[in-house]
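Participant: As a plain string of letters, each chain reads:
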Amino acid sequence: MTGIYAENSEGIFKKSVLEAASYASQISKGSVTAICIGQPSEGEADKLAKYGVNKLIVVEGLHAFDAQNYSNAVTANLTDIHTFVIANTYEGKSLGPRIAVLMAASLATNVVDLPNTIDGFTVKRGVFSGKGFAYVNLSRENKVIALTPNSIELKENPVTISIEKSVVNESENLTQITGSNKATGKIPLTEAEIVVSAGRGMKGPENWGMVEELASVLGGATACSKPVADMDWRPHGEHVGQTGITIKPNLYIAIGISGAIQHLAGVSSSKVIVVINKDPEAPFFKAADYGIVGDAFEILPQLIAAAKAAKN
Amino acid sequence: MSVVPDTTTKITFTDNNTKFNTAGVQFIINPYDELSLTRALEITEKNGGTVTIATVGLAEADAVVRKGLAIGATDAIRINAEPVDGQFVAEQLAHIIKEGGYDMVLTGRESIDYNGGQVCGLLGALLNWPSINVCTKIDVADGKAHFERDIDGGRESITASLPVVASAQKDLCEPRIPNMKGIMAARTKPLNVIAPISVDAFGQYSAFENPVPKQAVKLFDAQNAAQLIEALKNEAKVI
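Chains A and B supply the protein sequences, listed in that same order. Under our numbering, think of the first position of the first sequence as 179, with each following residue one higher. Under our numbering, think of the first position of the second sequence as -9, with each following residue one higher.
Hints are not guaranteed to be accurate.
Below 30 Å or equal to it, Euclidean Cα-Cα: the simulated BS3-like pairs (lysine-lysine) are [said to hold, decoys possible]: (1) B/K208 to A/K456; (2) B/K36 to B/K171; (3) A/K192 to B/K88; (4) A/K464 to B/K208; (5) A/K456 to B/K127; (6) A/K381 to A/K464; (7) B/K0 to A/K333; (8) A/K228 to A/K381; (9) A/K449 to B/K171; (10) A/K193 to B/K223; (11) A/K381 to A/K486.
Note that these hints are calculated values from the structure, not bench results. Computed from a predicted structure; not experimentally measured.
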């Protein structure tokens, strides 16, 4: 049987959870069980059912996130589950390896496609920071698959879902969360389907209004290059690239970013790349699907106006 | 500590795409591990203690491990085995950590070659310690460890009891560069080579490929930028 971790983001199952559900239901021969810590909001279980989850176990009794307690609680509910799918979000990255140890499972992270099960169980995963893919045959009977968000297409497979409760006794947390600073109401960069990113070509942080407006019209998130984050023009959390966040949106628009190999490493898996740069020799054009050579300050207002018109 | 190809390496594969082509590749300390090493040195300079580098690799890793010693580590242990995957590496490391009586183990967020991001969490579970991922701050004070780490959509502060394992994210510190004195001292610091423990296989890499090369970029005129939006909507169908 196949299980998934239904990461509970203030009661909501984000798209990455639905992708894990869809992945699990496409590989399972029968049922998919989701495990969620804390009560999901009204109607959220139906979202899982739409993608093939027929049982939801809601774990109660745990409070603040603690990788050790959470992974122990998840694993305690994995009876008869041999393949476990978890989204490769920060929370998933904290839990996946611990769950793999507790299940004595083979672990594959950064998985980007459905497995090939003709001869064994071979998964495709991203390696070399966007510069390659590897195929790994997972040899243990138990398997933990950490799926990169935005990698597979959601396939509906509606089923009826039953909900069970599982109460655990919280053992003493060895960790305490003492504060958090979370951007609310914004799409997390790793889950955004459209990302508008800008670099030093924007000349200064005061010029980011146009970048933000284009992102907002397109319903996307904003990102930036390393130099921009290093100069504190933009927050570190927006930095994409080899040493920043790796993303793979459907559309990546890079404005005034030359396209150094370290930047490409974080974005090259994007489905469609648009490059806007005044230097026709910018290396980024070689990795782009669409491009405009010209001044961002002239081009952005046109794009914002056209995007507004296209959205109406 | 992982030994990885330099960040500017052109990635190619050999032996019918079953192996990473190491010809002409320069190897370096994994950049995230360089941060965890530097931070470990800063913490021990403040609180006292020693820093041991542990790596899983064959003899060719020694030159890179010596660089870590030159940066300032007290000693190093190299487990003499091919680092086949993150799970194999974690099992080897857990074995020596159990015997070593360490208070804190720092890893990188991930290695920049296989990008597993597994070792921190695996060690946490194998040792039954707390594990704190992707930390932008790590400190020890009053017998406890204090962290700031990235979470989805933000950052949070965490306190943990010792022993603890944590992984380094960019911004943790400025990596130290070895000076001449450090390089000279590293030559005589202990680098102990030990045999691996036997571990049942977790998986096997069967093939590699490079991303499909892009077709030539389709350019639009800067005066008619609106055509780009039209192409994104009607041709690429992404907006």
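Participant: Out of the numbered hints, which ones does the structure contradict?
Facilitator: Numbers 3, 5, 7, 8, 9, in rising order.
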